[in-house]
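Chemist: Starting from the given sequences, assemble the full structure and let the hints guide the process.
As you go down the protein sequences, you meet chains G, P, F and Y in turn. All residue numbers for the first sequence refer to numbering that gives the first Met the number 0, where the first residue is 0 and numbers rise by one. All residue numbers for the second sequence refer to numbering that gives the first Met the number 0, where the first residue is 0 and numbers rise by one. All residue numbers for the third sequence refer to numbering that gives the first Met the number 0, where the first residue is 0 and numbers rise by one. All residue numbers for the fourth sequence refer to numbering that gives the first Met the number 0, where the first residue is 0 and numbers rise by one.
For the record, the hints were derived by calculation from the structure and aren't laboratory data. Where is the CB? At the ideal position from N, CA and C, for every residue including glycine. Hints are all accurate, no fakes.
From chain F, some residues computed to sit far from chain Y (all C-beta separations above 10 angstroms):
1. Ser51
2. Trp61
3. Leu87
4. Gly88
5. Trp155
6. Arg162
7. Thr193
8. Ile267
9. Ile275
Ranges of calculated distance between the beta carbons of each label pair, as one might list FRET restraints:
10. F:Ala77 with P:Asp204: 32 to 38 angstroms
11. F:Ser57 with G:Ser101: 44 to 50 angstroms
12. Y:Gly222 with P:Val98: 45 to 51 angstroms
13. F:Ala271 with G:Gly231: 57 to 63 angstroms
14. Y:Ala301 with F:Trp155: 44 to 50 angstroms
15. F:Leu149 with G:Asn32: 55 to 61 angstroms
16. G:Glu150 with P:Arg197: 53 to 59 angstroms
17. P:Leu332 with G:Asp96: 33 to 39 angstroms
18. P:Asp204 with G:Ser101: 30 to 36 angstroms
19. Y:Pro353 with F:Gly132: 55 to 61 angstroms
20. G:Ser101 with F:Leu149: 34 to 40 angstroms
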Amino acid sequence: MSATSVPAETALSRDGPQAQTAQARRGSLEVRNLQVVYGSAIEAIRDVSIEVEPGQIVALLGSNGAGKSTLLKAISGVLGEEEGKIESGVISYDGVDVTARSADEIVRLGLMQVPEGRRLFAPLSVDENLDMGGYIADTRTLAKRRAVVFELFPRLAERRRQISGYLSGGEQQMVAIGRALMAGPDFLALDEPSLGLAPIVIEQIYAVIRRLNRDLGLTVLLVEQNAQRALGIANYGYIIERGRIVFDGTAAQLEKNADVREFYLGVSGSGQKSLRDVKHYKRRKRWLS
Amino acid sequence: MRSGHFKERTEQLIVLSDSAPVWAWSAVLVVALAAAPYLLNAYLLSFVVLILITATGALGLHLLTGRTGLISLGHVGFLLLGAYAYAVPVAKYGLSPFVGFALAGTAPALVSVLVGIPSLRLKGLYLAITTLAFSFIIAHLVLQMSWLTNGARGIQVPRPEMFGISFDSDIRFAQLCLFVATITLFGVLNIERSRVGRALMAVRDNDIAARTMGINLQAYKLRAFMTSAFVSGIAGALFGIYLSFVTVEGFPFLMSIEALAILIVGGLGSTLGVVFGSIFIVLLPEVGRTALSLLGENAAKLFSTGANELRSVLYGVAIILFLRFEPRGLVGLWGDRKRLWVNWPLRF
Amino acid sequence: MQYLLDQVISGIAVGAIYGLVAMGFALIYKATGLVNFAQGEMSMITAYIAWSIAGTVSGNPWLVVGGALAASVVLGLAIERVVMRPMLGEPVFATVMVTIGLAVVLRSATLLIWDAYPHALDIGAGREIVHIGDTGVRSAQLAVMATLLLALGAFWAFFRYSRIGKAMRAVAADERAAKLMGISAARIHAVAWTASSVIAGIAGVFSALLYDVSPNMFHVGLKSFPATILGGLDSVLGSGFGGVIIGVAENLAAGYLAPSVKEITGFIVIIAMLMIRPFGLFGEREIERV
Amino acid sequence: MLSRKATIALLASGMFAYAAHAQQQGVTANEILLGEVEPLTGPPALLGIAYNVGTKVAIAEANAAGGVDGRKLRLLTDDDGYVPTRTIQSVRKMIEVDKIFAFTSLSGSGQGLAVLPIVEKAGIPAMPAIGPVTGLYTPPRKSVFVVGQSYEEGMYQLVRHLATSFPGKKWGILTQDDDYGVALRTGFARAQQEFKLNVVSEGEYKKGQQDFSSEMLRVRSAGAEVFMAGGVIGENVAMVKELEKLGSKPVVGMFWPGRVTATLKLMGPASDGIYAVDYVDPDNSATIAAFTERAKKLVSEAEVKAMNRYTLAAYASTKVLIEAMRRCGKNLTWACTITELEKTKNFESGVMGPISFGPGVRFSSQAVRIMKADFATLSFKPVQ
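Modeler: So this is what it looks like as structure tokens:
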């Protein structure tokens with residue numbers, strides 16, 4: 000697998016290897032004091048700041064409804080779909096302010112998102128889904144990138160003519176990641192890639208994510224509920240609760256933190272959870288924010 | 000205006016209204032409407048009558064489209080059926096208006112089963128199309144069965160006489176329409192807060208989930224169809240009486256579209272919206288007329304024979320602009336005002 | 000036998016017009032998820048513009064056709080930009096209602112700009128009678144059939160091979176995901192509206208050649224609607240075929256049963272078909288994986 | 000709350016309208032207000048606009064001659080788009096709000112029938128002449144006067160003429176699926192029985208239909224030699240062009256709503272020799288030429304262009320009304336106008352045969368004339 004990784008890198012980057020070495024590495028994201036409101040009434044995110052450095056894998060952990068997906072939508076510029084609005088704060092990517100940019104401009108800058116639940120173009124074939132991922136690229140580049148995707152996910156090469164809606168969940172996730180790679184991104188934001196998949200498939204997907212980061216130098220922002228899995232490959236992590244960042248630190252710090260262990264990794268200090276502990280944690284969370 | 004009021008118990012949620020001011024204002028409205036016939040001239044009264052009939056018909060559609068989420072593009076078919084089901088026995092065979100109104104409700108309701116059965120398989124626009132097709136087929140059959148319906152000649156419909164009251168005068172007829180519209184409105188509000196009403200809403204919002212919760216989809220959809228057709232049929236009968244002359248031409252396809260427009264302009268899914276929407280759509284052409292006449296004779300001369308078409312253009316533009324700036328309908332606008340009041344000056 | 004042949008051939012010619020308009024319906028539905036109730040009106044406006052051009056260039060067919068095409072492009076773009084784009088992201092219901100408002104505006108504007116009289120569109124071609132065996136057809140009828148075939152081929156290739164065609168299918172499948180791929184939905188919508196306006200315009204010009212321009216022309220929208228349903232709302236090619244089927248069915252019903260049945264034949268055909276295939280003959284069954 | 004506000008507004012304006020009125024409504028010291036409702040938008044505007052011009056010409060003429068007993072006439076026009084509900088609204092408005100003196104039109108046939116009860120109850124004089132169907136004058140209504148001819152009678156006369164001119168032929172007929180079509184068919188049936196016509200092809204089409212290929216194939220294959228085209232304009236044109244395409248050349252007869260120059264232009268040479276029937280004078284007659292000359296001085300150029308046979312129908316009907324009003328002199332009331340209208344005997348309007356009403360007679364049955372299309376001059380010429 001590692002033998003073919005060099006051409007893969009060449010093909011996937013948008014500027015080729017020369018540019019890659021000539022410039023500073025790309026794929027840095029900074030979100031500062033972001034506030035998002037839905038329907039001008041419901042505040043989904045408040046005062047959130049995160050930072051992702053080029054080449055990092057950063058995990059964003061949180062339970063259902065914590066605001067993870069909202070944050071990703073804000074970053075990708077697709078909030079408007081559900082009457083969401085950025086009230087204040089700044090999102091900058093590679094030093095460019097993208098807060099008010101449209102989705103396609105952000106893609107052109109090299110930031111791609113793999114949305115929650117895959118969201119493939121169900122009636123389109125695998126090949127056509129990949130084409131759509133590379134909508135902004137030209138035909139020759141597309142062919143090269145497609146080869147890389149098939150090399151990463153050999154299964155997709157076999158199924159390239161199939162209607163993507165009929166693939167299995169794991170295969171669909173592969174198409175979703177492959178589709179994002181077709182744009183030649185520097186930064187990949189993955190929204191719950193393990194959702195609803197069998198452990199063995201999750202294993203494969205995570206192996207690919209790690210490879211994308213290590214071999215191709217992609218920056219990864221990993222949104223997960225599956226904290227253990229995510230912290231296993233992340234450099235740094237944020238915990239978001241009820242629209243606020245309540246904790247952040249390196250993966251090691253997070254794994255060591257008692258509360259994170261208890262509530263996200265399912266490991267209790269004493270082995271038994273008491274109501275008092277929960278209350279204590281909730282109070283802490285409030286205090287932290 | 001009350002603020003900071005929350006409903007905490009189911010009873011509070013399903014009661015028609017737990018607010019004394021709402022009841023009081025409703026009473027004022029009813030009294031005003033009851034008094035209106037005595038105070039208005041025949042022209043203004045005819046708008047009131049038209050609004051009442053339109054609202055009744057639109058409430059019928061509302062039960063189907065607004066509450067159950069089944070789009071109908073052919074509701075004019077039920078109106079037409081209702082009008083004929085009233086006109087044929089009453090005007091042609093001299094039967095009592097009671098029989099006429101009973102048939103005006105039941106005939107469309109029975110026919111709606113025929114339309115409803117396909118609906119059990121179809122979704123969204125495909126269903127809408129079968130209802131559209133149905134309305135054309137109904138019109139065709141009415142024209143063909145001239146032994147019963149007088150075909151294209153139409154039937155002259157007299158004003159009814161019931162309970163020993165002659166509804167011949169405009170005032171009495173307006174009162175009849177007010178009575179029917181009020182009964183219908185209360186009926187619809189009552190259906191909404193019943194088990195059936197909640198089931199219908201569940202069907203609208205997610206029919207697969209509704210089924211898993213033990214709601215018999217087919218039965219409920221059919222029931223929605225039948226109730227809707229019944230109400231629309233009664234409205235059709237009233238409309239026929241209002242027109243005093245029932246023909247297929249008096250019920251053009253455009254009426255189906257206008258009925259949908261009423262729901263959307265009012266705010267889809269809202270019963271109050273149906274009332275707002277009916278008022279808006281019935282009065283809109285009149286607003287255009289007034290606006291143009293305010294421009295004076297010169298404007299009329301400027302456009303020569305085109306002045307009326309210009310009014311028609313304005314009507315279309317008004318609908319577009321309205322939806323552009325208030326896609327949630329009049330009820331949305333109303334809700335905004337209310338929220339502004341309640342939440343001001345703290346927005347979150 | 001000759002009678003049957005005559006009925007079928009003239010049915011195909013009528014059906015080709017339905018088919019073209021129906022393809023316009025399907026195209027907009029596919030790209031935007033909307034039913035455009037102003038389709039017939041768009042077709043009518045283009046026909047009137049063609050008539051106005053024909054009046055000033057004294058019947059040079061190429062100028063008329065070129066001018067009408069240009070006008071339909073402008074019309075499609077303008078409608079998308081001015082009327083539809085502001086509604087982006089609003090509820091589908093409200094947006095469909097906007098197309099109904101648009102239909103009212105276009106219909107009245109036609110009468111405001113032109114008049115209520117029918118007029119002959121004379122481009123110096125199209126009215127000649129050609130004989131195929133014993134069947135007489137007007138050359139414009141042959142041309143409209145050929146145009147439908149051409150349009151079917153062109154759209155097949157467009158959806159299969161062109162990037163924007165594939166993107167249109169992607170937008171139809173999942174608009175937000177398409178956005179995340181950098182596909183600009185607004186641009187796709189603009190293309191769909193323009194293409195739809197152009198084929199509706201072509202249908203309008205043919206219809207004007209065969210039956211004159213008149214303020215009744217917008218009826219073609221309602222008449223073509225069953226064709227779209229028959230073919231499948233989201234199937235552009237299917238709608239084209241659907242038109243031909245409806246056209247022939249109408250003619251056979253009127254020719255063998257009674258002329259009065261003609262009007263509802265299309266609707267009966269689609270009800271029967273929906274009982275068998277609830278998503279149209281060529282429509283895609285919604286792919287639902289739970 | 001909107002509805003509450005609206006109610007208050009309605010209440011206020013309602014009381015306003017109840018202000019006392021002195022003499023007969025619509026009549027002031029120096030003005031008389033007339034009103035008419037007709038389709039001015041949509042495809043039927045074709046007849047509504049032309050009709051409106053006719054009324055205007057009649058009024059302008061009367062005003063130019065010093066008005067009615069010194070009072071100038073003013074016309075109020077409302078568009079109903081041919082939709083009965085809107086006709087009802089407009090008629091109510093004109094009676095109740097605008098307080099007009101009389102109606103010069105109550106829109107088309109179906110619309111006219113729908114408003115008849117209102118007009119009858121108000122007792123206001125009305126002269127509906129766009130679609131003079133039987134229902135408008137049978138049974139006679141006190142204040143409603145109809146100038147024209149029924150479609151039934153017109154059709155009967157046309158068929159009678161063709162049946163005697165072309166005896167022993169096979170007949171075909173295609174009519175519209177509305178009251179107009181029914182009336183034509185009734186007239187046709189009467190003639191069919193009387194002349195024992197051999198009818199080989201019959202049918203109805205939906206109003207607004209464009210393509211008539213299958214219907215005309217039917218007509219041809221049935222071998223019809225005389226064909227009655229029961230459409231209005233576009234439909235008749237499509238039928239004739241279709242017959243031309245099929246190489247079928249039956250004798251074609253059509254009806255007065257389609258008897259306009261536009262029809263001939265659209266049909267092209269195939270229109271030559273088509274029979275038509277009408278009760279207003281033919282286009283190329285001296286009377287119409289004189290009328291057109293007068294009209295040119297009284298109305299705008301655009302309005303002259305919009306004229307057709309309905310202009311003449313309106314002109315004659317309105318002229319009768321104005322004449323009756325004039326005879327009332329100072330004492331201009333509804334009762335007097337109705338009485339004077341009733342006394343109308345052989346009134347010459349200049350564009351059709353003499354007009355007469357009588358006690359209990361609310362229909363001036365106008366003699367019809369059979370005409371034949373002449374493509375070279377784009378006109379209909381009387382036969383014989």
